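Undergrad: Respectively, the protein sequence lines represent chains P and Y. Sequential numbering from 1 applies to the first sequence in our numbering. Sequential numbering from 1 applies to the second sequence in our numbering.
These are computed hints drawn from the structure, not numbers from a lab. Computed from a predicted structure; not experimentally measured. The beta carbon of each residue, even a glycine, is placed where N, CA and C say it ideally should be. Where hints are given, some of them may not hold.
Chain P regions said to be covered by chain Y (calculated; three or more residues, Cβ under 8 Å) [to be verified]:
| no. | region |
| --- | --- |
| 1 | 70-79 |
| 2 | 127-136 |
Interface residues of chain P toward chain Y, partial, derived using beta-carbon atoms under 7 Å [said to hold, decoys possible]:
| no. | residue |
| --- | --- |
| 3 | Lys64 |
| 4 | Gly148 |
| 5 | Glu164 |
Below, in silico cross-link-like pairs of lysine to any residue (SDA-like), each with a Cα-Cα straight-line distance of 25 Å or less [as the list claims (entries may be wrong)]:
| no. | chain 1 | residue 1 | chain 2 | residue 2 |
| --- | --- | --- | --- | --- |
| 6 | P | Lys166 | Y | Ser199 |
| 7 | Y | Lys399 | Y | Ala450 |
| 8 | P | Lys166 | Y | Glu192 |
| 9 | P | Lys63 | Y | Asp489 |
| 10 | Y | Lys18 | Y | Ala129 |
| 11 | Y | Lys327 | P | Asn34 |
| 12 | P | Lys71 | P | Leu171 |
| 13 | Y | Lys327 | P | Thr82 |
| 14 | P | Lys71 | P | Leu101 |
| 15 | Y | Lys193 | Y | Lys208 |
| 16 | Y | Lys201 | P | Ser91 |
| 17 | Y | Lys201 | P | Asn34 |
| 18 | P | Lys63 | Y | Thr140 |
| 19 | P | Lys71 | Y | Gln107 |
| 20 | P | Lys162 | P | Ser91 |
| 21 | Y | Lys18 | Y | Thr195 |
| 22 | P | Lys77 | Y | Gln312 |
| 23 | P | Lys166 | Y | Thr206 |
| 24 | Y | Lys314 | Y | Lys372 |
| 25 | P | Lys71 | Y | Ala209 |
| 26 | P | Lys77 | Y | Asp489 |
| 27 | Y | Lys330 | P | Lys162 |
| 28 | Y | Lys151 | P | Gly47 |
| 29 | Y | Lys521 | Y | Asp503 |
| 30 | P | Lys71 | Y | Ser546 |
| 31 | Y | Lys521 | Y | Gln469 |
| 32 | P | Lys166 | Y | Lys208 |
| 33 | Y | Lys314 | Y | Lys423 |
| 34 | P | Lys64 | Y | Gln312 |
| 35 | P | Lys77 | Y | Glu205 |
| 36 | P | Lys71 | Y | Cys194 |
| 37 | Y | Lys423 | Y | Ser546 |
| 38 | Y | Lys330 | P | Gln61 |
| 39 | Y | Lys399 | Y | Asn526 |
| 40 | Y | Lys330 | P | Gln68 |
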Amino acid sequence: MENEKQHYTVSVYTENNIGLLNRLSAIFQRRHINVESLNTSASEIEGVSKFTILVNVTESQIKKIIGQIEKQVEVIKAYYHTEEETIYQESCIFKIKSDLLFEERQIQNIIKESNARIVTVNKEFFVLEKSGRRQEIELLYRELSAFGIMQFTRSGRIAVTKDEMKISTMLEAF
Amino acid sequence: MKETQTIQTQTTTTTTTKRISGSEAVVRCLLEEGVKVLYGYPGGAIMPVYDELYKYQDKIHHVLCRHEQGATHSAQGYARISGDVGVAMATSGPGATNLITGIADAQIDSTPMVCITGQVPSHLLGSDAFQETDIVGISTPVTKWNHQITKASQIPEVIAKAFYIAKSGRPGPVLIDITKDAQFEEFDFKYEKCTGVRSYKPVPETDKASLKVAAELINNAKKPMIVWGQGVILSEAEAEFKAVIEKAGIPSAWTILGASAIPTSHPLNIGMVGMHGNYAPNVLTNECDVLIAIGMRFDDRVTGDLSKYAKQAKVIHFEIDPAEIDKNVKTDVAVLGDAKASLAELLPLLNPNSHTEWHQKFKDLYTIEYEKVIKGDLHPTKEGLTMGEVLKEINIQTKGEAAIVSDVGQHQMIACRYAEFNKTKSNITSGGLGTMGFGLPAAIGAKMAAPEREVVSISGDGGYQMTIQELGTIFQQKTAVKIVVLNNDFLGMVRQWQQLFFDKRYASTEMTNPDFVAIAKGYYLNAKRVTKREELADAVEEMIASKEPYFLEVCVEKEDNVFPMVPSGASVSDIRLE
Numbered sequence: 001m002e003n004e005k006q007h008y009t010v011s012v013y014t015e016n017n018i019g020l021l022n023r024l025s026a027i028f029q030r031r032h033i034n035v036e037s038l039n040t041s042a043s044e045i046e047g048v049s050k051f052t053i054l055v056n057v058t059e060s061q062i063k064k065i066i067g068q069i070e071k072q073v074e075v076i077k078a079y080y081h082t083e084e085e086t087i088y089q090e091s092c093i094f095k096i097k098s099d100l101l102f103e104e105r106q107i108q109n110i111i112k113e114s115n116a117r118i119v120t121v122n123k124e125f126f127v128l129e130k131s132g133r134r135q136e137i138e139l140l141y142r143e144l145s146a147f148g149i150m151q152f153t154r155s156g157r158i159a160v161t162k163d164e165m166k167i168s169t170m171l172e173a174f
Numbered sequence: 001m002k003e004t005q006t007i008q009t010q011t012t013t014t015t016t017t018k019r020i021s022g023s024e025a026v027v028r029c030l031l032e033e034g035v036k037v038l039y040g041y042p043g044g045a046i047m048p049v050y051d052e053l054y055k056y057q058d059k060i061h062h063v064l065c066r067h068e069q070g071a072t073h074s075a076q077g078y079a080r081i082s083g084d085v086g087v088a089m090a091t092s093g094p095g096a097t098n099l100i101t102g103i104a105d106a107q108i109d110s111t112p113m114v115c116i117t118g119q120v121p122s123h124l125l126g127s128d129a130f131q132e133t134d135i136v137g138i139s140t141p142v143t144k145w146n147h148q149i150t151k152a153s154q155i156p157e158v159i160a161k162a163f164y165i166a167k168s169g170r171p172g173p174v175l176i177d178i179t180k181d182a183q184f185e186e187f188d189f190k191y192e193k194c195t196g197v198r199s200y201k202p203v204p205e206t207d208k209a210s211l212k213v214a215a216e217l218i219n220n221a222k223k224p225m226i227v228w229g230q231g232v233i234l235s236e237a238e239a240e241f242k243a244v245i246e247k248a249g250i251p252s253a254w255t256i257l258g259a260s261a262i263p264t265s266h267p268l269n270i271g272m273v274g275m276h277g278n279y280a281p282n283v284l285t286n287e288c289d290v291l292i293a294i295g296m297r298f299d300d301r302v303t304g305d306l307s308k309y310a311k312q313a314k315v316i317h318f319e320i321d322p323a324e325i326d327k328n329v330k331t332d333v334a335v336l337g338d339a340k341a342s343l344a345e346l347l348p349l350l351n352p353n354s355h356t357e358w359h360q361k362f363k364d365l366y367t368i369e370y371e372k373v374i375k376g377d378l379h380p381t382k383e384g385l386t387m388g389e390v391l392k393e394i395n396i397q398t399k400g401e402a403a404i405v406s407d408v409g410q411h412q413m414i415a416c417r418y419a420e421f422n423k424t425k426s427n428i429t430s431g432g433l434g435t436m437g438f439g440l441p442a443a444i445g446a447k448m449a450a451p452e453r454e455v456v457s458i459s460g461d462g463g464y465q466m467t468i469q470e471l472g473t474i475f476q477q478k479t480a481v482k483i484v485v486l487n488n489d490f491l492g493m494v495r496q497w498q499q500l501f502f503d504k505r506y507a508s509t510e511m512t513n514p515d516f517v518a519i520a521k522g523y524y525l526n527a528k529r530v531t532k533r534e535e536l537a538d539a540v541e542e543m544i545a546s547k548e549p550y551f552l553e554v555c556v557e558k559e560d561n562v563f564p565m566v567p568s569g570a571s572v573s574d575i576r577l578e
């Protein structure tokens, strides 16, 4: 088990400082680990940032990486979780020619079935947004690509854990 | 009268603060942190700070080095012998990038150091201005923490934090980059020492339960062995450590940076582990039943092939840095915490023991090593001088009281193997990074931090020439370091590997050397060259007796090898004696 690669979601609670992204990414780079996705945002605590990083590594690797991340002065706490331990989503947006929306009936069905949302429509193009698991987004991409996609962007994974993180109590103790 | 009135108003409104420039604040912060000496090199972007250093020169001594790399190594030597934070300063661009080797060295050897660099004015950041370099970006992977200051008002808080982070927990280097406009800007100065950082826990609490399990394992062990590292020295746990090993009667070996924590002559000191360590502790690592690691990190030079390292043993790891636990060697019991506190708590839990039979095994293997290696190194019968006999003479003349500052290579291994240490913090060398050129500048810092001590710098002819320019610093500062160059006209360690593993193809390892004595004399240093055994003792005596800096070149056998040796990738118990 320890030596089988799998997806881990790494959640890092940090102070909000310039340069920390560089410090964290260097930890992965040095060990030749490809970051599959990275998202940085505010967390549930005011003034505390959260990095959500998706990597495909072994458990013994991820334990060492967490150790190295937590060692950084401005990192409050880091965790790793398996797919089963998190609720996670990605989101994506498509830019597609508006003509297609009216000429290709099937596109409307695809939008409906995939639970995607039309964000805006104008004469030239419409923008479609979809949140969900990677497979759902990839399926939607395959279905739409038959008609032509003008632009596509998928976000990094964002996740919350089923377990409590207890960061607030940790910070109160300081 | 009116003037006085104005001043009074100012003092009441500003009570504890005073309006000064950012550059003066930098110097005042250093004084607040108790810095007496710093090492550096001026340049455009740091000039305002140098102007203040000029004004404060009666309070703080700036040592003009001859290269910024030398400044970092001097700061490291200062820190290693004193336990205080070493300080180095440089300008932006090339000044800053020249610090990187020393910073990387301090990072891997856990040396407390604060580096301050000047930076182009903030409005020029990112414009590829003259001498602009992204030193914060460049130094990130090799610093414990770094920060760029663009406003003078940030200076006190950031410098206070820098010193706190550099020294606390597992020490390390911190770099502070200050833009030139922040150095000129005036602000209300007030200094408060840093006592904590919210996101940073320097010392994990010692877990009593794991300490108990560790004690039980040690008490039940038949063949326990300790490997200690620099952690014992960094936490100043020498007394606690000695009490523990003496009570439990455990044979104890050191990593290169752990050397001198207890005297070389201590009966429980069984020598060095690792690639060129002693025979007994390497072989018996693979026979002990409990391996107790204290303040060390299982570097590959210590462990050899990990898949064949102490597999039979239960491993206990006393460590301050949680990231070191299970990093290289899987532990059975991890005792997190500061070594001093953990060992003090461990002591009453231990049963007295002597492990006499187990000790005999170390003695027996030592006899083998003595016959095959040590005798020939220290009491050679062949014509050429050995590095070992030079060390023996230094031991005799300094009575084991000197701090030995070595460079990197064969002479370093010989120095660490044969130097006799009576005092802690006496083995100053570049262990983790293996930085050639470390020795000479580090010796300058060591001598300045401990002027009462004899400081002997030992280098090879290769590494010596990497920072030979620091002879200028020694001359200008009149730093009474004793400089020994063991000259074999080769990059000896690489040549040894070429001989053993590359069929004697001596690719770029032979050195055509200059007249080292003439160079030293060019800097007006006392200097001597020894080529014959009968001259050695007198020359070393003269050097040690000198109250001034002194240079001694000893021409040694050209193609001697350092043994024992654990070949790269082999198991520690496959250590070779020849």
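Undergrad: Hints first: check each against the structure and report whether it holds.
TA: Hint check results:
1. 70-79: holds (count 6)
2. 127-136: Since 0 is below three, the answer is violated.
3. Lys64: Holds. Min distance 6 Å.
4. Gly148: violated, 39 Å
5. Glu164: violated, 19 Å
6. Lys166/P x Ser199/Y: holds, 14 Å
7. Lys399/Y x Ala450/Y: holds, 17 Å
8. Lys166/P x Glu192/Y: violated, 31 Å
9. Lys63/P x Asp489/Y: Roughly 47 Å separates the two Cα atoms, so the pair is violated.
10. Lys18/Y x Ala129/Y: Answer violated: Lys18/Y to Ala129/Y is near 33 Å, above 25 Å.
11. Lys327/Y x Asn34/P: Holds, at roughly 20 Å.
12. Lys71/P x Leu171/P: holds, 17 Å
13. Lys327/Y x Thr82/P: Since the Cα atoms of Lys327/Y and Thr82/P sit roughly 21 Å apart, the hinted pair holds (cutoff 25 Å).
14. Lys71/P x Leu101/P: Violated, because 52 Å separates the two Cα atoms, which is more than 25 Å.
15. Lys193/Y x Lys208/Y: violated, 31 Å
16. Lys201/Y x Ser91/P: Since the Cα atoms of Lys201/Y and Ser91/P sit roughly 36 Å apart, the hinted pair is violated (cutoff 25 Å).
17. Lys201/Y x Asn34/P: violated, 29 Å
18. Lys63/P x Thr140/Y: holds, 22 Å
19. Lys71/P x Gln107/Y: holds, 13 Å
20. Lys162/P x Ser91/P: Given that 25 Å is the threshold and the Cα spacing comes to 20 Å, the pair holds.
21. Lys18/Y x Thr195/Y: Satisfied, since the Cα-Cα distance of roughly 23 Å is no more than 25 Å.
22. Lys77/P x Gln312/Y: Judged against 25 Å, a Cα distance of about 35 Å means the pair is violated.
23. Lys166/P x Thr206/Y: Distance ~21 Å between Lys166/P and Thr206/Y Cα, so the pair holds.
24. Lys314/Y x Lys372/Y: Violated. Lys314/Y to Lys372/Y sits at ~31 Å, over the 25 Å cutoff.
25. Lys71/P x Ala209/Y: holds, 24 Å
26. Lys77/P x Asp489/Y: Violated. Lys77/P to Asp489/Y sits at ~52 Å, over the 25 Å cutoff.
27. Lys330/Y x Lys162/P: Violated, because 29 Å separates the two Cα atoms, which is more than 25 Å.
28. Lys151/Y x Gly47/P: holds, 21 Å
29. Lys521/Y x Asp503/Y: violated, 39 Å
30. Lys71/P x Ser546/Y: Between Lys71/P and Ser546/Y the Cα gap is close to 46 Å, so the pair fails against 25 Å, i.e. violated.
31. Lys521/Y x Gln469/Y: holds, 13 Å
32. Lys166/P x Lys208/Y: Holds, at roughly 23 Å.
33. Lys314/Y x Lys423/Y: violated, 32 Å
34. Lys64/P x Gln312/Y: Holds. Lys64/P to Gln312/Y sits at ~24 Å (cutoff 25 Å).
35. Lys77/P x Glu205/Y: Holds, because 16 Å separates the two Cα atoms, which is no more than 25 Å.
36. Lys71/P x Cys194/Y: OK: Lys71/P and Cys194/Y at ~19 Å, within 25 Å.
37. Lys423/Y x Ser546/Y: holds, 21 Å
38. Lys330/Y x Gln61/P: holds, 13 Å
39. Lys399/Y x Asn526/Y: holds, 23 Å
40. Lys330/Y x Gln68/P: It holds: about 17 Å lies between the C-alpha atoms, which stays within 25 Å.
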